[in-house]
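A.B. asks: As a plain string of letters, each chain reads:
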Amino acid sequence: MEIIIIILAFIIATLTGLFSKKRSVIEFFSVAASLIAFVESVIAALKVSFHGAYSSTVFFSVDSLGAIVMLIIGFIGLAVTIYSIQYLRKETDKNVIGFKRVKQYFILLNLFLLAMFLAITASSPIFAWICIEATTLSTAFLISFYNKPSSMEAAWKYLIINSVGLLLAFFGTLLYFTSVSQSGGTGLVSWQLLLANVSHLDPLLAKIAFIFALIGYGTKVGFAPMHTWLPDAHSKAPAPVSALLSGVLLNVALVIVLKFKVITDACVGSDFSQNLLIAFGLLSILIASLIIFNQKNYKRLIAYSSIENMGVMALGFGFGGLGIFAAILHMIYNALTKSALFLSAGTIFLKYSSTKIAKVKGALTALPVTSILFLIGFFIITGTPPSGIFLTKVYILTAGFKSHPVISIVALLLMVILFVGFLKHVVAMVFGEKPETVKTGEESIWLIIPPVVLIAVVLCLSFFIPPFLYNLIKDATLHY
Amino acid sequence: MGDFYILDPSTSSGRLRRIIFVLALIGFGTKAGIIPFHIWLPAAHPAAPSHVSALMSGVMIKAGIYMMIRIFLDILQPAPVWWGLTIIVIGAVSALLGVLYALTEHDIKKLLAYHSIENIGIILLGVGSALTFYSLNMPSLALLSLVAALFHTLNHAIFKSLLFLSAGSVINEVHTRNMEEYGGLIKYMPQTALFFLIGSMAISALPPFNGFFSEWLTFQSLFMGILRLQSYSQWVFIIAAGSLAFTGGLALACFVKAFGIIFLGRPRSSEVVHAKESSSFMQIGMGSLAALSLLFGIFSGYMVILLEKIGKSFTIFQNTGSLVSVFSGQNINIANGFSSASAPAIFALLFITILLVLFVIRYLVNKNQTIKIGATWDCGTDLTPRMEITAMGFAQSIVTIFKSILKPSIQHETEYHDAESRYIMKSKSVIFGVGDIYHSYLYRPMHKIINVLSTRAKNIQSGNINTYISYIFIALVIALLFVL
Amino acid sequence: MGIIFLTLIFLHLTKKNFIATVAYAIQSFAIVIILLNSFFETGNIYMYVVILATLIIKVILAPLFFNRLIKKHDLVFSASTYLNTPLMLIIIAVLTFVANSRKFAPLTGIIPANQTLLSLALSSIFISLFLIVNRKGTLSQILGILSLENSIVAFIVFAGLEQSVGLQVGVIFDIFIWIIIAFMFMSMIHKHFGSQDITSMKNLKD
Amino acid sequence: MNIIIWIIQLIFVPLVSPFCVGFIRKIKAKMQNRQGASVFQPYKDLWKLLHKDEVISKDASWIFKYAPFIIFAVTIIVGASIPLFASFLNNKLTGDLLVIVYTLSIGTFFLALAGMDTGSGFGGFGSSREMTISALAEGGFIFSLLTVALIAGTTNLFLISGSGMFANSQYFLPISLAFAGFLIILLAETARFPFDNPATHFELTMIHEAMILEYSGKKLALMEWASANKLVIFIALAANLFFPFGIAQSPSSTAVCIGIAIFVVKILVFCLGIAALESCIAKFRFFRLPDLLMISFILNAIAIGIIH
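Protein chains in written order, with the working numbering: chain A, 61 to 540; chain B, 2 to 485; chain C, 167 to 372; chain D, 34 to 341.
No lab work stands behind these hints, which were simulated from the structure alone.
Among the clues, some could well be false.
[Unchecked claim] 27 Å max Cα-Cα, derived BS3-like pairs, lysine-lysine: (1) Lys484(A) to Lys449(B); (2) Lys111(B) to Lys85(D); (3) Lys107(A) to Lys484(A); (4) Lys277(B) to Lys98(D); (5) Lys85(D) to Lys368(B); (6) Lys419(A) to Lys237(C); (7) Lys154(A) to Lys302(C); (8) Lys373(B) to Lys125(D); (9) Lys302(C) to Lys208(A); (10) Lys181(C) to Lys416(A); (11) Lys208(A) to Lys357(C); (12) Lys63(B) to Lys484(A); (13) Lys449(B) to Lys421(A); (14) Lys416(A) to Lys459(B); (15) Lys419(A) to Lys449(B); (16) Lys449(B) to Lys416(A); (17) Lys154(A) to Lys357(C); (18) Lys357(C) to Lys449(B); (19) Lys181(C) to Lys269(C); (20) Lys277(B) to Lys125(D); (21) Lys459(B) to Lys237(C); (22) Lys91(D) to Lys368(B); (23) Lys269(C) to Lys208(A); (24) Lys91(D) to Lys277(B); (25) Lys310(B) to Lys125(D); (26) Lys91(D) to Lys188(B); (27) Lys368(C) to Lys459(B).
[As the list claims (entries may be wrong)] Here are the computed distance ranges between Cβ atoms for each label pair: (28) Trp80(D) to Ile372(B): 13 to 21 Å; (29) Ala259(C) to Leu443(B): 49 to 57 Å; (30) Arg363(B) to Ala315(D): 39 to 47 Å; (31) Asn460(B) to Arg234(C): 15 to 23 Å; (32) Lys371(C) to Glu272(B): 29 to 37 Å; (33) Ser428(B) to Phe320(D): 57 to 65 Å.
[Said to hold, decoys possible] Interface residues of chain B toward chain A, partial, derived using beta-carbon atoms under 10 Å: (34) Thr456; (35) Ala458; (36) Tyr472.
Positions of the beta carbon are idealized from the N, C-alpha and C atoms, including for glycine.
In isolation and in its complexed conformation, chain A is listed as follows (with noise of 0.2 Å):
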């Protein structure tokens, strides 16, 4: 039920977006779908908790991991609108854009999420993959908004890469249906029918499938190395739309990987699955944290903070036991302050019109509040002890040393290279002089708020746990 609402929610907004000519009523009305959005999701959220996993229809259903995504999807969906209607106004008052951008923008940003809300509730993996693919196609545009050569680029290389990746993604899919078909039942397969089905599926073919399922939605995850098209989409984007991207999207690709890994699991015994995962996941901590310790553009340090954080959470499913239960608790973390941080940064790059770390100097003094939610964003998300990201960590390295001492050991070096490096930056940019041409003072109070919203509730529950929350972690973990 929740989720028709959602989706009748977005589809008028898309709809007035496409047919109003008002600015501030488009904005209304997405402001109010993703406030429906999230409401609903938190209702949805609740059901599963006290109720388990449940589906509305035959198309959708919600289970823990889901519930949780959906949370963050709404929360982070709700911060993002209101961020960035402010944001907008800027940009067309600096007259970078035009209202018809500004449309096209609002639409597009409704279906993406939409796009995401059902990716994560779609009880079909093809229905899921379609809703994927949709993201990608939603947000093509987006990425390019700027309109610029750059901007282009990055948008065609996301398009191409991604969509090669969902291509494979989609093979991979469709090989897993060999059992079904050899039981007989064609039609709608669901998840659970795979799961049910999973005696009939030969274990190498198992294998070859979840290879293809984890390159292909790996893609959008951002493990290296397909992670080639995150930095420059989320650098080229507008905040906004990274801090979704980075937020929120490879989160939704993630769950779709883990469901996979489910049912491969069932079928051929976690080992396999799990030393891929900590593979690829070690893999892209050593290049996210080599690439950042001498990066030129901050929204691209953030974005392959993202791929770190990324493969902390592979790391974290793939040594298994706590390992998992931190790992979607990182997830929680990770999501809502790699959006304050990439929001933050939007309201940098307004100031400073450059997302150069060298132009950026002396934010301290330019935007308090900014910068000052910019180090704590980099304190939590580089896991500082009491941040709950340290604790998430703690338990994913104290998971490995039980089983891969060696792996840990150097994924906690990496960590500290990546502290280290991302330190450096974020000093340079927030202490220093700041250049005379830029003029101090906030934006507007209505872009400081969406970040510090999310980084206040990190912060509040990185020290307490909402009882609900709590036990769809504990549901999520035994399922996964």
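Keeping the supplied structure of chain A fixed, place chains B, C and D upon it in accordance with the hints.
C.D. replies: Using the frame of chain A, we list chains B, C and D on its own:
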């Protein structure tokens, strides 16, 4: 969720615990400022305002110590011997090198920062020996060392804050942290000078101030170690005691330098002449701290008993016999008669004798003596501040002696009146620097390596989409081969 | 199935964009035929929709789009490749061999009857991936992706993994949108970079 | 009875110290074929200085003015709290070796500060050199005392001197090593050859004299006296900790008298030794001194190592 249940020995394997030990040592060591993870301390202190540095040095770096004590003595028990010995060695190194670097500094706050490192080292000596004794199952000795460590932690908090505050008020007046531009401040800010003197005496462990007694306890626990232990652990303790002894001497030298250069002699810059005594509010603050460091010294007996109670609160010391007994007159007695000292006695003795000597010599012997105020003997030429010894010059001999560690670099820059005849020089400036071996041998190479790697890694992101897709292709193929 | 394979190789070889699009049209037509074939086997009425959609979109619309583009910017010749022709052929041969090798038996042996066809489809999947890697032109990359999709579809059909009509329509619809978007991007890129050579796009690094 | 002994203990050091200085000078004079002043000359000098007027630098602060009293008082205290001729006094309050060491360094501290106070170049480098040497001497000093302390099983000097550790000969080697070490420290701390030349006022070499250069009258007298006391203190430590025979074990007047007599004899022997040493070796270059002090430290470390 925030509790340490992961580290519970029942759940965690030996390897895991070893890893945790090393990581915790590095992590909290960095926070506490042990060498070679100390580099942030001297960098951070000058940046921070003085009362903040006072807090930082007094309280913040103690958080690291607290966590170490908590984890090593409480959570990670039982611990192997080498843990304790490692900590002792680190402590010894930190103490000795900390004070050596302090000697080379003439930035007053950096100097104090390096002394924090030194004192952390001394504290770690206590902690380490506590750990060693406990794992060699001599709990009462362990308790003694722990008490020493705790006491020194407390004392360091007091006198270091005192020093930072007085240094801060000096900086406020003279508007520079460079000691070479101070001099003769004792005449302009006498109270501050007095407080700084007390702080210096306390930190260089001169009786009857508190620093002495905590260092005394630390020494005692090390001595007991030398007495009771065998083979290599005994040698570790010998080395530790030796380094502690040298540290004491060098700290004394360093604070003679600090006090002498800052407060004594003639002003070295015009700023000094306009210096005013710091505000009465500041004076109250510093005065109370100074009084505390004297009182904690005199009543060290009570303090020891108190701290021992605290130490007993650790689960491993629940029912441990005490080695310290305090008799009448605060007479602290270690290991029934191994050693004993009484703070009030020392204090009273000093006080009375000085007064007595003063009285006798001043008023009994030749009381109608006339005192003429003259100039310092100047060998005929009138003295300029440039003729006084500088902070650098004071430490020069020690730096030269330890040049193998400190790697001093001296470069002369000479300016001549005319390029042709290089006989009459206009000016000659000597720039003296200390090479930081951690940067040159530990941090810079690491940075280089990582830099190279990262530049390599950046080539992955070549910007060519075909390459990107080929990555995917290759990844796919490799993964498939991994299965098939 | 053979047609698909051959058109793919042809796609690799050809230098002319127009011919490439035509080749793609043929390939898609082959797909349609395959679908029809499977329809005669299963006799599912709704398959008509799918087949129709495929026919319209892939065989008619897509080539039309591309030709209009080619006309507009008179891109007669597609951008060059990285490897020269003989090397390309060698690699293609290797890929085909690998796909046909016993290693992929579990994959190609889903329906033993169609093993050869399946392996052929698999090899065409690999080859079209290789096409995307190897070609420098935007158009040929798009074609590569589309033919990848085609060959996957072919594989599915032969492996008897058809989905419910709704989903297939969804997929087709996705592809349709995708083609449109790719098309728009192509024109925009041509506007910005003045060529369809993607190697000119390399100002996003590290 | 005890009171009298305590009083003797208290005044013994300042009473005897000028004599030691005079004696050493006399011996050196004899060795240089000079007549030399009488052994009681230092007493006369002190008396004379105590009755002179003073000149004080205008740059001097209260540190300069009060340092002599503090330094002198410190020597008195230390002199009173170490075993001189009676080990049975057993001073548990201030008789600890670390207390002694660090109390002595109070004296050094103020001496160095006083040297810097008038802002004359000489005083500055004098105190710099002094602090360098005393800092490096600290290790050897503590360790040499620690050796005997560990052998005797206590760090209380009186108990050490009281304990008959020479009963068994296994300790002979460590003690002799430690004594060798302590001898070096003694020369360093009392500003004797080869560390310092007490007779010189040559700015390139003087250490102790450089620091007290600005003093005159009473204060100079106190300074001189204090350094003399320091000499006796170190001799007493050397004599009673490493050769503790003849020291009075029981508070009987005979024992005490014997103790005093033997102690005086010991002092004379040590003075003789020092004088001989000073006459036959030259002063070392300053940067060779650390090696000497390190040698002392290492000797003691070895001594401690081989106790068990």
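A.B. asks: Could you run down the list of hints and mark each one as holding or not?
C.D. replies: Hint by hint, here is what the structure shows:
Under the criterion of a C-alpha separation no larger than 27 Å, the hint pairing Lys484(A) with Lys449(B) is consistent with the structure, at around 15 Å. Taking the CA atoms of Lys111(B) and Lys85(D), the gap is about 45 Å. The hint is violated against a cut of 27 Å. Restraint check: the Cα-Cα separation between Lys107(A) and Lys484(A) comes to about 45 Å, which exceeds 27 Å; the hinted pair is violated. Pair hint Lys277(B) plus Lys98(D) holds up; C-alpha atoms about 23 Å apart against a cutoff of 27 Å.
Simply put, Lys85(D) and Lys368(B) have alpha-carbon atoms about 11 Å apart, close enough for the 27 Å limit, and the pair holds. Using a Cα cut-off of 27 Å, the hinted pair Lys419(A) and Lys237(C) is violated, with the two alpha carbons roughly 44 Å apart. Using a Cα cut-off of 27 Å, the hinted pair Lys154(A) and Lys302(C) is violated, with the two alpha carbons roughly 37 Å apart. In summary, the hint linking Lys373(B) to Lys125(D) is not supported, as the alpha carbons are separated by about 45 Å, beyond the 27 Å threshold.
Straight-line distance between C-alpha atoms of Lys302(C) and Lys208(A) comes to about 21 Å, which keeps the hinted pair within the 27 Å bound. Proposed proximity of Lys181(C) and Lys416(A) is contradicted: the alpha carbons are some 41 Å apart, above 27 Å. About 11 Å separates the Cα atoms of Lys208(A) and Lys357(C), which keeps this hinted pair within 27 Å; it holds. For the given pair, Lys63(B) sits about 26 Å from Lys484(A) by alpha-carbon distance, which is consistent with the 27 Å threshold.
Of the pairs offered as hints, the one joining Lys449(B) and Lys421(A) holds, with about 25 Å between alpha carbons and a cut-off of 27 Å not exceeded. Among the hinted pairs, Lys416(A) with Lys459(B) is consistent with the structure: their alpha-carbon atoms are about 16 Å apart, no more than 27 Å. For the hint pairing Lys419(A) with Lys449(B), the CA-to-CA distance comes to about 25 Å; that is within 27 Å, so the pair holds. Proximity of Lys449(B) to Lys416(A) is assessed by CA-CA distance (about 23 Å); at most 27 Å being required, the pair is judged to hold.
Between the alpha carbons of Lys154(A) and Lys357(C) the distance comes to roughly 24 Å, so the proposed pair stays at or under 27 Å and holds. Restraint check for Lys357(C) and Lys449(B): not satisfied, since their Cα atoms lie roughly 43 Å apart, outside the 27 Å limit. Of the pairs offered as hints, the one joining Lys181(C) and Lys269(C) is violated, with about 34 Å between alpha carbons and a cut-off of 27 Å exceeded. Annotation: proposed proximity of Lys277(B) to Lys125(D) is violated, straight-line Cα distance about 46 Å (limit 27 Å).
A distance of roughly 39 Å separates the Cα atoms of Lys459(B) and Lys237(C); the hinted pair therefore is violated under the 27 Å criterion. Between Lys91(D) and Lys368(B) the alpha-carbon distance is near 22 Å, which keeps this suggested pair within the 27 Å criterion. Of the pairs offered as hints, the one joining Lys269(C) and Lys208(A) is violated, with about 47 Å between alpha carbons and a cut-off of 27 Å exceeded. With a CA separation close to 20 Å, the supplied pair Lys91(D) and Lys277(B) stays within the 27 Å bound.
For the proposed pair Lys310(B) and Lys125(D), the alpha carbon gap of about 25 Å is at most 27 Å, so the pair holds. Pair hint Lys91(D) plus Lys188(B) holds up; C-alpha atoms about 11 Å apart against a cutoff of 27 Å. For the given pair, Lys368(C) sits about 14 Å from Lys459(B) by alpha-carbon distance, which is consistent with the 27 Å threshold. Evaluation of the 13 to 21 Å hint for Trp80(D) and Ile372(B) yields a pass: the beta carbon distance comes to about 19 Å.
Take Ala259(C) and Leu443(B): their Cβ atoms lie about 54 Å apart, and the range 49 to 57 Å holds. Our hint of 39 to 47 Å for Arg363(B) and Ala315(D) holds, since their Cβ atoms are close to 41 Å apart. Evaluation of the 15 to 23 Å hint for Asn460(B) and Arg234(C) yields a failure: the beta carbon distance comes to about 39 Å. The hinted range of 29 to 37 Å is not satisfied by Lys371(C) and Glu272(B), whose Cβ atoms lie roughly 52 Å apart.
Ser428(B) and Phe320(D) have their C-beta atoms about 28 Å apart, which leaves the hinted 57 to 65 Å range violated. Interface restraint check: Thr456(B) against chain A, minimum CB-CB distance 7 Å, threshold 10 Å, status holds. For Ala458(B), the interface hint holds, the least distance from its beta-carbon to any beta-carbon of chain A being 4 Å, beneath 10 Å. A cut of 10 Å between beta carbons decides the hint on Tyr472(B): the least distance to chain A is about 4 Å, and the hint holds.
Going through the hint list in order, the structure does not satisfy hints 2, 3, 6, 7, 8, 10, 18, 19, 20, 21, 23, 31, 32 and 33.
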